[in-house]
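Read top to bottom, the protein sequences are chains U and G. Reminder that position 154 of the first sequence reads as 196 in my numbering, one-by-one numbering, no gaps. Reminder that position 11 of the second sequence reads as -9 in my numbering, one-by-one numbering, no gaps.
Note that these hints are calculated values from the structure, not bench results. Since we're looking at a predicted model, the values are computed, not measured. Hints may be right or wrong, so weigh each one.
[To be verified] If you want the footprint, here are the derived chain U segments under chain G, 3+ residues with CB under 8 Å:
1) 138 to 152
2) 170 to 181
[Said to hold, decoys possible] Listed next, the in silico DSS-like pairs over lysine-lysine satisfying Cα-Cα at most 25 Å (straight line):
3) K254(G) - K135(U)
4) K100(G) - K309(U)
5) K193(U) - K29(G)
6) K249(U) - K238(U)
7) K29(G) - K200(U)
8) K62(G) - K254(G)
9) K239(U) - K200(U)
10) K200(U) - K100(G)
11) K58(U) - K276(U)
12) K243(U) - K193(U)
13) K100(G) - K58(U)
14) K254(G) - K58(U)
[To be verified] Simulated restraints on C-beta separations:
15) L44(G) - L306(U): 52 to 58 Å
16) Q45(G) - L74(U): 45 to 51 Å
17) K58(U) - I201(G): 44 to 50 Å
18) L44(G) - K200(U): 56 to 62 Å
19) L10(G) - S203(U): 38 to 44 Å
20) Q34(G) - G205(U): 23 to 29 Å
In this text, a Cβ means the ideal position worked out from N, Cα and C, and glycines have one as well.
What follows is each chain in one-letter form.
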Amino acid sequence: MNNLAIRVENVGKQYKLGGKKTSYRTFREAILNSLTGPVRWLKGKQQPVETFWALRDVSFEINHGDAVGIIGRNGAGKSTLLKLLSRITNPTKGRIELYGRVASLLEVGTGFHPELSGRDNIYLNGAILGMSRLEIGRKFDEIVDFAEVEKFLDTPVKHYSSGMYVRLAFAVAAHLEPEILVVDEVLAVGDAEFQKKCLGKMDDVAKSGRTVLFVSHNMGAITQLCQNVILLNKGTLETFAKASDVVQQYLSSGGDTPDVSFDLSLKPNSAALIARVWLGGANGEPIPAADVNQSFAIGLELLVRRKISNAEISMRISNTLGQPLFTTNLSDESGTEKEFQAGNYKYLINIPMHFLAPDTYSINIAIHEPFVEVLDQHEQAMSFEIKETGSRMWRYNKLGYGNILVDFPWKEIS
Amino acid sequence: MSDQIAKLDSSKTSPSLVIQPQRGWVALELKDLWRYRDLLLILTWRDIKVRYAQTFLGAAWAVLQPLLTMAIFSLIFGKFAKLPSDGIPYPLFTFTALLPWQLFAFALTNASNSLINSEKLISKVYFPRLVIPISSVLPGLADFAISFIALIGMLIYYEVPLSARLLSLPVFLILAILSALAVGLWFSALNVEYRDIRYVVPFLTLFWQYATPIAYASSLIPEKWRLLYSLNPMTGVVEGFRWALLGGADLNKTVLVSALIIILLFLSGMAYFKRMESTFADVI
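Looking at chain G on its own, in the form it has when it is part of the complex (with noise of 0.2 Å):
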């Protein structure tokens, strides 16, 4: 309270908001965003236990979801197929890269469709429009802790020692945040004219799924399309885990390009997600 009364006494002379037309490129307006900070945790804690509140195995999900696709991606790839896993067992090979995977995925569907889910907010009242595809990547963090125990577990099983690099691990953790958050934010606010991202949004994760070395080890791809290959940002998120977790050969520069292009997607998504922000209640 104390520095609401020291804003009103200031206010005597100037205003504390000025409304004005907005048109083209605006501030991001961060300091804006940090006041509502607890918003954006509650927001995420909301869905976090609306998630799990009315299903029957409640929070098993999260764990069963990667282990059933690493049962059939063993079977199917592993087995049949005999695709390469650099040596690695191969349901360990495609679990470490399903994990950021899955967060990856799960957290794009989400913070694409959440501009339009929190249509009734965005029209009834104000807060930094921001919030709301934030913290719908969010919860993506409790079913990868929870699936990541599966992971410990089979780490032990397979008798993989563990390294330093384990620290590096949260670096890699954030871009998986990061990218779905960059993409997130485009889809998000591109969402709110065109519908048809809806669409766009399911094909587009399964499609990208292959374009990722989740399956298969990217060393399988021609050297002269691998440059291409890692402006895919998760291919260096899902190499980065394997590297951290299982072991192998040092990082070659795959990482650095995804790394950039997360980052250039993601000050581009926040620019243009500010830019549209300011239309979204007259056409949601």
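Extracted from the complex, chain U is given alone in its bound form (with noise of 0.2 Å):
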């Protein structure tokens, strides 16, 4: 019996380089080129246009009624993967075949206009996810509660505390009845209590015998939800298994090694990038993880290409729900943003023992001119794990009970 949902086959897909927002052509340009061009290739010279494959050579079949999850870090082509089986971009190699509706949800709320209600968005955004307006009509009420909206039905979008309005687009994107549904990782925002409820939602999709992909950096999430997991890395598939296996190999193994370099070609314009970051004990020396019971250090190495007058760097830490524990900047000390002159930058951040809990953390990083332009920005740039080695809290291990170690004095009174 053929019960299968999805079957990609060898696909590639290539981008120009120079990034998106250099690449729109001017006239003048296009028009020097046809001219010049001729020319160019009489001599034997042709221009080699750079690219890159953010995807190459990826195969896998899923069949209807799993619900997979897809990891690896940035850059691994997670993105571009959505993308192509939601039809937004056209592979440059190879070929996709879906079995069944597809819907994608890529974003939270796309398409919502501030100036209209929430009842006209319902309309807005249903219709752009590709539902019909009876369709819409039927799910109203559903939506709506789901929501929990009711009372500012009728108030434009734009006075909705963020809340209400990311509850407001999930539940729309819910309420869709695809066979396939792929799914960006929108869970990133929302309170805890509404996560659960995404996630309760998805789960209630995926039972009910669709199709679901999931991308997410929530390995809990991950692990929860989908019994299969592809594992990406710089574009290729490394691993496609069983969930708990790939989650235990990407957060252990040579896959997310928390030692990572950038590629300093994707943005050749940039004043200045960061090259690599990793994870060293109190000298800097690379560990493979950290250890609650001792002291640790960020590494950090910056390429300045250019002069920069007031350059901030800042590192936010996140836990593994992705939300941010706390946010260290290059000037916390100086009070003062720095001078950089053009050259090559080391920097190691000291993390002082029993301060983060055992837990894996993600770190997000941007060297940029505070409210003037961020120069580069990781997000996930790399995770890492704090190894419960006899911590105060050891029995308590994996209950939840936070992220920061702390002895705080408890006096008796009376």
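Two chains, two frames, a set of hints: combine them into the complex.
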């Protein structure tokens, strides 16, 4: 019996290099190119267009009723894969077969218009996601119920709190009834309560025999929701196997060594770039995982191409749910931004022991001129684990006691 | 839902959708467009609703614009320059032409910028991209309907007798929308790759307005230039409007030439748009 939902065969996607924003051409260039083209061709010097493969030779099959997670680091090709499956962009190579109606949810609230009321936006967003007016009308009450916005249905959504906005947006999407649902990391928004609700809804979708493809950095959600997981690495499919196995491989092994070097050619024009981030011991020597009973450091290498006068480097540490725990800045001690001359720089950011609880953490890092320009930025630049080697809280491990270890004094008073 | 389930059953043997690299000319996939007709309507309705949401005078703008333009034209071209208006009161003569023209100019500008204004939609969700330019030309019809009421008032005021020719007005209305969409399809797709279009369109519409018999009668154009002149698709539309509403001599081949040009532009615009469609998300 053929129960196939998705077949992906040797799919590759090639992008022109230079970043999205610089790829608009002007008439002048186009005209110049067409004029000089024949000359260049005669001289045999065809100008090579710089390209890179965001995805290459990816093949897999998914059956109806499966919930499959997709994981991998920044630039592994997760978003590209989702965009191909949801027909937003076309593959450069290969073939994708889809058996059944596909709906994709790459962003919460796509097409929401701030001036329109909640009611209007439900219809608008529903139609954008591919529902007919009839379908939306039929599910309208359910959507409103799920989003808990009855009282504000006729208020323009620009007056909504961000929580309400996200709830409404997800509610519309959650009531799509496709055979195949493709979801990007949309659960990183909203409060924990609502995230739970969303996960529950997606679980229902999967249990009702439909196919779910789910990209996330939240390993907890991935293992909870998916039987199988695809691990992408630098555009190729590394593993496709049982969820817990793949997540373990991703978190512990070479798939995610906490030492990441970034491709500097991707941003040829940026004045400053983050070149490498790694997890190190107190003196910066690379280590595979941190120990709750040892202090450790995050290492950072920068490449500065041109002088920058007011640069700031910020590092944010988040837990597995994507909730930020704290941010540390280069200027925290000096109080002022730094002037950088062209060159290479290295930093060690020391983190004391008995501060972060044993768990997996991720790092977001940015070099920027505050409120002027972000020069380079890596969301989920790297994740690392702090091992439980016997902290005060070890007995409560995995009970969700929080991410910060404290030893505040308790005094009995009468 | 029932058709979806049927689809699922038939999918046991063959895929319901195959995604492959796309190069060169492709089919128009009008069936796919038809499936998204509700989105087309809702986007049109959104544009109408949003446009006047935060303006003080609201829908009155739809009448004010052509009325004020008519007043200026009447003063400068009618009264001072004394341009001929084929024996029709000048204000009525120019207002009848301004209605389809403003519909066209508004729709063309909207359509040309429609794709780049929908960048977020295009990079985050799939639907037939043709929905975007098509839904951007339709809101102009709301303005047209409002200012058409003003035109009826003027026809009554000037005691213009109406004839059966009035029944042909929808044809010219469709031609006006179609020509805006035809040029808009080309421009919106070009605009994604060449942002110059954004600057070209305002200039072009200004230039185009004077190449169309709005402030003057086309009888002003020397006979030997007439054929060239009728290559402007809006010439035929404007003449058709005057013919249907104000009476006068029978229509000549100008209208036919214009209609042919419109259809040619429209078909080539559709083909070019579909050809470029698969690259929009990568470039925009």
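**OP:** Examine the stretch 170 to 181 of chain U: at least three residues should have C-beta closer than 8 Å to a C-beta of chain G.
**Re:** holds (count 6)
Subject >> Verdict for Q34(G), G205(U) (Cβ pair) under range 23 to 29 Å >> reply: At 25 Å between Cβs, range holds.
Original post:
Between K58(U) and I201(G), does the beta-carbon spacing fit 44 to 50 Å?
Top reply: holds, 48 Å
Original post:
Given the proposed pairing of K249(U) with K238(U), does the C-alpha separation stay at or below 25 Å?
Top reply: holds, 16 Å
Subject >> 25 Å Cα cutoff - pair K100(G), K309(U) >> reply: With Cα atoms ~22 Å apart, K100(G) and K309(U) stay inside 25 Å; holds.
Original post:
Does the structure keep K254(G) and K58(U) at a Cα separation of 25 Å or less?
Top reply: holds, 21 Å
Original post:
Holds or violated: are the alpha carbons of K29(G) and K200(U) at most 25 Å from each other?
Top reply: holds, 15 Å
Subject >> Satisfaction of hint between K29(G) and K193(U), Cα-Cα up to 25 Å >> reply: holds, 22 Å
Original post:
Is the hinted range of 52 to 58 Å satisfied by the C-beta distance from L44(G) to L306(U)?
Top reply: holds, 56 Å
Original post:
Holds or violated: are the alpha carbons of K254(G) and K135(U) at most 25 Å from each other?
Top reply: holds, 20 Å
Subject >> Residues of the stretch 138 to 152 of chain U with Cβ under 8 Å from chain G, three needed, outcome >> reply: Answer holds; 11 residues pass the 8 Å Cβ test.
Original post:
CA of K239(U) to CA of K200(U), is that 25 Å or under?
Top reply: holds, 24 Å
Comparing the model with each earlier hint shows violations of hints 8, 16 and 18; every other hint is respected.
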